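J.: Each chain, written out:
2 protein chains.
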Amino acid sequence: MCATRQYPRPHDFLRQHAEAAGQGPVDLPDVSGLVVGVLGGTGDQGRGLAYRLARAGQKVIIGSRAADRAQTAADELGLGVEGADNAECARRSDIVIIAVPWEGHAKTLEALREDLAGKLVVDCVNPLGFDKQGAYALQVEEGSAAQQAAALLPDSRVTAAFHHLSAVLLQDESIDEIDTDVMVLGESRADTDLVQALAARIPGMRGVFAGRLRNAHQVESLVANLISTNRRYKAHAGLRVTDV
Amino acid sequence: MCATRQYPRPHDFLRQHAEAAGQGPVDLPDVSGLVVGVLGGTGDQGRGLAYRLARAGQKVIIGSRAADRAQTAADELGLGVEGADNAECARRSDIVIIAVPWEGHAKTLEALREDLAGKLVVDCVNPLGFDKQGAYALQVEEGSAAQQAAALLPDSRVTAAFHHLSAVLLQDESIDEIDTDVMVLGESRADTDLVQALAARIPGMRGVFAGRLRNAHQVESLVANLISTNRRYKAHAGLRVTDV
Numbered sequence: 001m002c003a004t005r006q007y008p009r010p011h012d013f014l015r016q017h018a019e020a021a022g023q024g025p026v027d028l029p030d031v032s033g034l035v036v037g038v039l040g041g042t043g044d045q046g047r048g049l050a051y052r053l054a055r056a057g058q059k060v061i062i063g064s065r066a067a068d069r070a071q072t073a074a075d076e077l078g079l080g081v082e083g084a085d086n087a088e089c090a091r092r093s094d095i096v097i098i099a100v101p102w103e104g105h106a107k108t109l110e111a112l113r114e115d116l117a118g119k120l121v122v123d124c125v126n127p128l129g130f131d132k133q134g135a136y137a138l139q140v141e142e143g144s145a146a147q148q149a150a151a152l153l154p155d156s157r158v159t160a161a162f163h164h165l166s167a168v169l170l171q172d173e174s175i176d177e178i179d180t181d182v183m184v185l186g187e188s189r190a191d192t193d194l195v196q197a198l199a200a201r202i203p204g205m206r207g208v209f210a211g212r213l214r215n216a217h218q219v220e221s222l223v224a225n226l227i228s229t230n231r232r233y234k235a236h237a238g239l240r241v242t243d244v
Numbered sequence: 001m002c003a004t005r006q007y008p009r010p011h012d013f014l015r016q017h018a019e020a021a022g023q024g025p026v027d028l029p030d031v032s033g034l035v036v037g038v039l040g041g042t043g044d045q046g047r048g049l050a051y052r053l054a055r056a057g058q059k060v061i062i063g064s065r066a067a068d069r070a071q072t073a074a075d076e077l078g079l080g081v082e083g084a085d086n087a088e089c090a091r092r093s094d095i096v097i098i099a100v101p102w103e104g105h106a107k108t109l110e111a112l113r114e115d116l117a118g119k120l121v122v123d124c125v126n127p128l129g130f131d132k133q134g135a136y137a138l139q140v141e142e143g144s145a146a147q148q149a150a151a152l153l154p155d156s157r158v159t160a161a162f163h164h165l166s167a168v169l170l171q172d173e174s175i176d177e178i179d180t181d182v183m184v185l186g187e188s189r190a191d192t193d194l195v196q197a198l199a200a201r202i203p204g205m206r207g208v209f210a211g212r213l214r215n216a217h218q219v220e221s222l223v224a225n226l227i228s229t230n231r232r233y234k235a236h237a238g239l240r241v242t243d244v
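So the protein sequences, as listed, match chains A and B. Counting in this note's numbering, the first sequence runs from 1 upward without gaps. Counting in this note's numbering, the second sequence runs from 1 upward without gaps.
Check the hints yourself; a few may be wrong.
Which chain B residues face chain A? A few, computed with CB under 7 Å, are given here [said to hold, decoys possible]: (1) Arg214; (2) Gln218; (3) His236.
Here are the simulated lysine to aspartate or glutamate pairs, EDC-like style, with alpha carbons at most 16 Å apart [said to hold, decoys possible]: (4) A:Lys59 with A:Asp75; (5) A:Lys119 with A:Asp94; (6) A:Lys234 with B:Asp75; (7) B:Lys132 with A:Glu187; (8) A:Lys59 with A:Glu82; (9) A:Lys119 with A:Asp193; (10) B:Lys234 with A:Glu82; (11) B:Lys59 with B:Asp75; (12) A:Lys107 with A:Glu141; (13) A:Lys132 with B:Glu187; (14) B:Lys119 with B:Asp193; (15) A:Lys119 with A:Asp75.
Hints are computed from structural coordinates only; laboratory data are not their basis. These figures come from a predicted structure and were not determined experimentally. Beta carbons are placed, not taken as given, at the ideal position from N, Cα and C, and that holds for glycine.
Chain A with its partners taken away, still in its complex shape (with noise of 0.2 Å):
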């Protein structure tokens, strides 16, 4: 027999797991009503976050380095999505999505601090590097990226999440549920349940508690691997947790 498994809804099964270990109903808290920012929301990751996020109903703002580009990309997705360059877009939101390319993330970050004081960060940057014989893991000074964001962020709330979606899988107009968990990383219950609960607006998508930001590296890093994977089975891989 092979294994077959159905995945519940992030609700149920959080309620199902908390109540089996006699910790009463556990409720993700209502996320609807907020406004997500996706700073570097042109490229192929930020864009296609922001699409899933706006179909689901989210109120997206989509920010960029010129307000120009990021009206031009909000434009092409509809779904009321709005355009603002970064200070704007991480002003005018609740949760703010930094996925820009590694190469310009501390610059980025530095230069929004204020913009970005008490907001809800959640970093789904990869510092990854490319050679002929594919994706690879960068040292990060920090520890990674998120780290990284937290240490140039002291006064905002610095969580992990969204790494290993694809791309193309997200922007797929015509694939209506993503199959994949979205580990979730945090100092804080409040803040990882509110990503989690984000996560689960995207029908398909869980939001998984899965550590500390002092384990984020290897959260970032798997995606070298994942890409390895793509390679060997033409597949655009994500992964599922079992057993919650």
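Place chain B on chain A using the hints.
T.: Frame of chain A; chain B shown alone:
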């Protein structure tokens, strides 16, 4: 709608994907006649793997520093499992799984360099530290446990796999299927195919190629995240790779 996914058997899914990609059928090699040694087979992870492989019909030899301890563990498992000291276990096996504690990893392998010459070595060691906040990834000078093994065993074929398995589930005799994929890393397609075929011997389990050894660190370290997930959800989390 929640996502429902049925996982085909490895041979089927590999063939399907290879055919879809125009590569023709792919058959994983037949490993049923190979002897599998498990160094560190008296520990929870090693014992669990030894049990599952023997239960699947594989000839298994448990290795330990002390032959009598290996023999005791083997007798407890039954299923034709034998026990031997590490050197004899290595010499008599075709495939040797390294499941020793990280603390003894380098020293154990150094001493077995000749016994492991020519063997297919499968490193499943996770270099982790623990403190009151849980588990975290250790820095390894060679990059990862698997790369350390490759450096110490120049005459062996070193791969990495079986990192994300729950020793509790592996050892639970009431469980028939292990609901997880096994990320398999290595430099040679022939070797990783053999390890994938070995993983596929265990019902419910698939071996999925996930890159070269230079990308082993994050696969080993991800166990720290699964430990955090397990604590939060009172679970024995594993991973499935989607879209392959």
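J.: Take the hints in turn and mark each one as holding or not.
T.: Hint-by-hint comparison with the structure:
Contact between Arg214 of chain B and chain A, as hinted, is supported at the beta carbon level, the nearest pair being about 5 Å apart and thus within 7 Å. Given hint, Gln218 of chain B at the interface with chain A, holds; its Cβ is 4 Å from that chain's nearest Cβ, closer than 7 Å. Among the interface hints, the one on His236 of chain B holds; its C-beta lies about 5 Å from the nearest C-beta in chain A, closer than the 7 Å criterion. Between Lys59 of chain A and Asp75 of chain A, the direct Cα distance comes to roughly 14 Å. Compliance with the 16 Å bound is thereby established for this hinted pair.
Between Lys119 of chain A and Asp94 of chain A the alpha-carbon distance is near 6 Å, which keeps this suggested pair within the 16 Å criterion. In summary, the hint linking Lys234 of chain A to Asp75 of chain B is not supported, as the alpha carbons are separated by about 45 Å, beyond the 16 Å threshold. Proposed proximity of Lys132 of chain B and Glu187 of chain A is supported: the alpha carbons are some 14 Å apart, at most 16 Å. With a C-alpha separation of about 9 Å, the suggested pair Lys59 of chain A and Glu82 of chain A falls inside the 16 Å cut-off, and the hint holds.
A distance of roughly 15 Å separates the Cα atoms of Lys119 of chain A and Asp193 of chain A; the hinted pair therefore holds under the 16 Å criterion. For a cut-off of 16 Å, the pair hint linking Lys234 of chain B to Glu82 of chain A is broken: about 41 Å separates their Cα positions. Taken as a hint, the Lys59 of chain B and Asp75 of chain B pair is honoured in the structure, with Cα atoms around 14 Å apart against an allowance of 16 Å. For the hint linking Lys107 of chain A to Glu141 of chain A, the alpha-carbon distance of about 15 Å falls within 16 Å, and the restraint holds.
Taking the CA atoms of Lys132 of chain A and Glu187 of chain B, the gap is about 14 Å. The hint holds against a cut of 16 Å. Among the hinted pairs, Lys119 of chain B with Asp193 of chain B is consistent with the structure: their alpha-carbon atoms are about 15 Å apart, no more than 16 Å. Restraint check: the Cα-Cα separation between Lys119 of chain A and Asp75 of chain A comes to about 25 Å, which exceeds 16 Å; the hinted pair is violated.
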